[in-house]
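*Asks:* So the chains spell out like this:
There are 2 protein chains.
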Amino acid sequence: MKYSSQTVERAISELSKLPGIGRKSAQRAVFYLLRQTNEQVQALSSSLQDLKLKVIHCSICFNITENDPCSLCSSEKRDRSIICVVEEANDILAFERTGGYRGLYHVLGGVLSPLDGIGPDELHIKELLQRLNEDVREVIVATNPSTEGEATAIYLAKMIKPMNIAITRIARGIPVGADLEFADEVTLTRAIEGRSQF
Amino acid sequence: MKYSSQTVERAISELSKLPGIGRKSAQRAVFYLLRQTNEQVQALSSSLQDLKLKVIHCSICFNITENDPCSLCSSEKRDRSIICVVEEANDILAFERTGGYRGLYHVLGGVLSPLDGIGPDELHIKELLQRLNEDVREVIVATNPSTEGEATAIYLAKMIKPMNIAITRIARGIPVGADLEFADEVTLTRAIEGRSQF
Numbered sequence: 012m013k014y015s016s017q018t019v020e021r022a023i024s025e026l027s028k029l030p031g032i033g034r035k036s037a038q039r040a041v042f043y044l045l046r047q048t049n050e051q052v053q054a055l056s057s058s059l060q061d062l063k064l065k066v067i068h069c070s071i072c073f074n075i076t077e078n079d080p081c082s083l084c085s086s087e088k089r090d091r092s093i094i095c096v097v098e099e100a101n102d103i104l105a106f107e108r109t110g111g112y113r114g115l116y117h118v119l120g121g122v123l124s125p126l127d128g129i130g131p132d133e134l135h136i137k138e139l140l141q142r143l144n145e146d147v148r149e150v151i152v153a154t155n156p157s158t159e160g161e162a163t164a165i166y167l168a169k170m171i172k173p174m175n176i177a178i179t180r181i182a183r184g185i186p187v188g189a190d191l192e193f194a195d196e197v198t199l200t201r202a203i204e205g206r207s208q209f
Numbered sequence: 012m013k014y015s016s017q018t019v020e021r022a023i024s025e026l027s028k029l030p031g032i033g034r035k036s037a038q039r040a041v042f043y044l045l046r047q048t049n050e051q052v053q054a055l056s057s058s059l060q061d062l063k064l065k066v067i068h069c070s071i072c073f074n075i076t077e078n079d080p081c082s083l084c085s086s087e088k089r090d091r092s093i094i095c096v097v098e099e100a101n102d103i104l105a106f107e108r109t110g111g112y113r114g115l116y117h118v119l120g121g122v123l124s125p126l127d128g129i130g131p132d133e134l135h136i137k138e139l140l141q142r143l144n145e146d147v148r149e150v151i152v153a154t155n156p157s158t159e160g161e162a163t164a165i166y167l168a169k170m171i172k173p174m175n176i177a178i179t180r181i182a183r184g185i186p187v188g189a190d191l192e193f194a195d196e197v198t199l200t201r202a203i204e205g206r207s208q209f
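If you read the protein sequences in the order shown, they are chains A and B.
For the first sequence, the working numbering begins at 12 and goes up steadily by one.
For the second sequence, the working numbering begins at 12 and goes up steadily by one.
Do not take every clue at face value.
A pair holds if it fits inside one copy or across any two, identical chains being indistinguishable in the list.
Claimed, not checked - With a cut-off of at most 30 Å between alpha-carbon atoms, the simulated DSBU-like pairs for lysine-lysine come out as follows:
#1 Lys137 x Lys172
#2 Lys63 x Lys137
#3 Lys28 x Lys65
#4 Lys35 x Lys63
#5 Lys35 x Lys88
#6 Lys172 x Lys63
#7 Lys35 x Lys169
#8 Lys88 x Lys172
#9 Lys137 x Lys88
#10 Lys63 x Lys28
#11 Lys137 x Lys65
#12 Lys137 x Lys169
#13 Lys88 x Lys65
#14 Lys63 x Lys169
Calculated directly from the structure, the hints in this document are not laboratory data.
Isolated chain A, as found in the complex (with noise of 0.2 Å):
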């Protein structure tokens, strides 16, 4: 079923597209811009044209940024011995939520998945490696822990090793706050893997 209005019907249809949101979603929102000022719904409309204009990629992390270099890897505060590799802009988020992180961050836009035609030229692995010169002590690989993420941890560790510089995996384990009943078998068998002493 469509609305009789062709403009209504386009900005559901756009809406729907962005991830998370369903028809349903679209169809609210669309209805309550509709009872906004037109200033409200230009805010909105203009703060998206501006994510395509204003925001670009650093040119040393491939963090999202509108300075380049942004403002971790320009840091005075920032540990620049350490590295931690990420598959995406907005894990970086996450690690700097926990406070606890002071090193630098590589962004590496995606994890290697030959099935999808992703291999190690596609993503910015090059850019990591030259990034890793004599100040360099530690590269902590955290992209996910799922197969493609696995794969891509242990193509990097192959490449960094001989560099002699340390590489680390993020700890893969039981959620703190979760039941060890409802844990899955792999999950478990990483965690007693990781174990540490007290």
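Put chain B on the given structure of chain A with help from the hints.
*Replies:* Positioned in the frame of chain A, the structure of chain B alone reads:
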């Protein structure tokens, strides 16, 4: 926790103003948009702007439309003797989806809610009464079965009854497919009150 890019932060905050879209969904949407082409982001952004530029309300029934009167009011195929009164324009779509109703509509633009300062003058009630000429046989009140919706229905009935036009209310009862066991008392009472003969 905020993103280092103000543009990204602004887009997330604008998107999360939409109903049903939280900060997490807005974040995902923004990172999705950053990966799209300029043209794709432009298509979304301009479709939202067009909502306020092109979409108007039908001067007869207050449905949303791009041409006045709307396609329903100007259609030769609709039964002009019945008017179905709804709260919002999107309620029309719900009825049109059934394919069973062939009359006209009238959008009130809300419900009576004295606590929120919404009285009869804030709704399109005057315009409804002006539409009730000799051609109109029946007014179906299809406001929601909420306290305010029922109060609005009762108010409309009181206004329209003296005009010698049939005024009816949509049935409230057990939804098709639902289980009697889980129906609330008010719905069950309505279902018994509204019982019909085989």
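*Asks:* Each hint: holds or not?
*Replies:* Hint check:
Proximity of Lys137 to Lys172 under the C-alpha cut-off of 30 Å is restricted to the intra-copy arrangement: shortest distance 15 Å within a copy versus 79 Å between copies. Taking CA atoms no more than 30 Å apart as the test, Lys63 paired with Lys137 passes inside one copy only; the shortest distance there is 25 Å, against 47 Å between copies. For the identical chains of this complex, Lys28 and Lys65 are neighbours both inside a copy (22 Å) and across copies (22 Å), given an alpha-carbon limit of 30 Å. For a Cα distance limit of 30 Å, the shortest separation of Lys35 from Lys63 qualifies both inside one copy, at 27 Å, and across copies, at 20 Å.
With identical chains, the CA atoms of Lys35 and Lys88 are at most 30 Å apart between copies only, with a shortest distance of 29 Å across copies and 46 Å within one. For the identical chains of this complex, Lys172 and Lys63 are neighbours neither inside a copy (38 Å) nor across copies (58 Å), given an alpha-carbon limit of 30 Å. When the C-alpha separation of Lys35 and Lys169 is checked against a cutoff of 30 Å, the pair qualifies neither within a copy, at 47 Å, nor between copies, at 35 Å. Within a single copy, Lys88 and Lys172 get their C-alpha atoms as close as 27 Å, which meets the 30 Å cut-off; across copies the closest is 76 Å, which misses it.
In this assembly of identical chains, the alpha carbons of Lys137 and Lys88 lie at most 30 Å apart only when taken from the same copy (26 Å versus 66 Å across copies). Taking the shortest Cα distances, Lys63 and Lys28 sit within 30 Å of each other both inside one copy (17 Å) and across copies (20 Å). In this homomeric assembly, Lys137 and Lys65 come within 30 Å of each other (Cα to Cα) only inside a single copy, at 26 Å, whereas the closest approach across copies is 49 Å. Proximity of Lys137 to Lys169 under the C-alpha cut-off of 30 Å is restricted to the intra-copy arrangement: shortest distance 14 Å within a copy versus 77 Å between copies.
Taking identical chains as interchangeable, the C-alpha atoms of Lys88 and Lys65 lie at most 30 Å apart only when both belong to the same chain, with a minimum of 26 Å there against 51 Å between chains. Proximity of Lys63 to Lys169 under the C-alpha cut-off of 30 Å is found in neither arrangement, the shortest distances being 36 Å within a copy and 56 Å between copies.
Going down the numbered hints, you'll see the structure goes against 6, 7 and 14, while the others check out.
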